[in-house]
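Trainee: All chains should be built: construct the whole structure from the sequences, respecting the hints.
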Amino acid sequence: MKKRKIMLLTIGILLMIVFIFFGTIHYKMTQYVDTEPSKNADYLIILGAKVNSETPSLALQYRIDAAAEYAKENENTILIASGGQGPGEDITEAEAMRRELVDKGIPESRIFLEDRSTSTYENIKFSKQFIPEDAKLGIIVTNDYHLYRSVQIAKDAGLTVEGLPAKTPQITLLKAYSREYLSVTKYYIEKYLLK
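Note that my numbering has the sequence shown beginning at 2, numbered continuously upward.
Please note that a few of the clues may not be correct.
Okay, the calculated beta carbon distance ranges per label pair [as the list claims (entries may be wrong)]:
1. R117 - N75: 25 to 35 Å
2. G159 - R180: 20 to 30 Å
3. T56 - I7: 52 to 62 Å
4. R117 - H27: 26 to 36 Å
5. K176 - L16: 33 to 43 Å
6. M2 - G89: 54 to 64 Å
7. G13 - E109: 24 to 34 Å
8. Q130 - L10: 51 to 61 Å
9. E123 - M8: 16 to 26 Å
10. S39 - L9: 15 to 25 Å
11. L16 - G106: 47 to 57 Å
Derived by calculation from the structure, the hints in this document are not laboratory data.
All residues carry an ideal CB built from backbone N, CA and C; glycine is no exception.
Mentor: This is the structure we're talking about:
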């Protein structure tokens, strides 16, 4: 009987720790949902997402829309479209973004293509080559649930950045947040435990 009580207590404590841990991650993620970035940033890095053949997924379209709106209001900001080509994609994510941005009136001369990356880490790593040497402030553009980790990765890479949240499609909300909890956990493990 005593062993059973100890076991139940241990399970209860572990569940409470897990609940607090994921609750903390959720809180940090939601802090970026309504964030308002500074005006006149030197550059935007728009993170890639799924392209269906040559058509941006809704998640990517929301990122493009947010970036285009900012770019129109801040005409000296350059845009780095970051994303390679994955399964089921006939063009790179960067190229899909470029096409949409041009359609929305953003001059091609302001758009740089980073078309090799396959992860958020690579988005940041490979985009750095397009950042002007005298740049002081950048902005990461991605769906709101993904913004916290993306900004942390960019800061880890030595960039001074803020976040510009794009909407997350309602249909993918549960799946997106669930996967991101695990991705943030992996990020913490790699950053703090495996160094």
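Trainee: Indicate, hint by hint, whether the structure satisfies it.
Mentor: Okay, the hints, checked on the actual structure:
1. R117 - N75: 25 to 35 Å: For N75 against R117, whose Cβ atoms are near 27 Å apart, the range 25 to 35 Å holds.
2. G159 - R180: 20 to 30 Å: Because 27 Å falls inside the window, the suggested range holds.
3. T56 - I7: 52 to 62 Å: holds (57 Å)
4. R117 - H27: 26 to 36 Å: Holds, since R117 and H27 (Cβ atoms, about 32 Å apart) stay within the stated range.
5. K176 - L16: 33 to 43 Å: violated (23 Å)
6. M2 - G89: 54 to 64 Å: At 57 Å between Cβs, range holds.
7. G13 - E109: 24 to 34 Å: violated (59 Å)
8. Q130 - L10: 51 to 61 Å: holds (54 Å)
9. E123 - M8: 16 to 26 Å: violated (44 Å)
10. S39 - L9: 15 to 25 Å: violated (51 Å)
11. L16 - G106: 47 to 57 Å: Roughly 52 Å apart at Cβ, these two residues keep to the hinted range, so it holds.
The structure fails hints 5, 7, 9, 10 (numbered hints given earlier, in ascending order).
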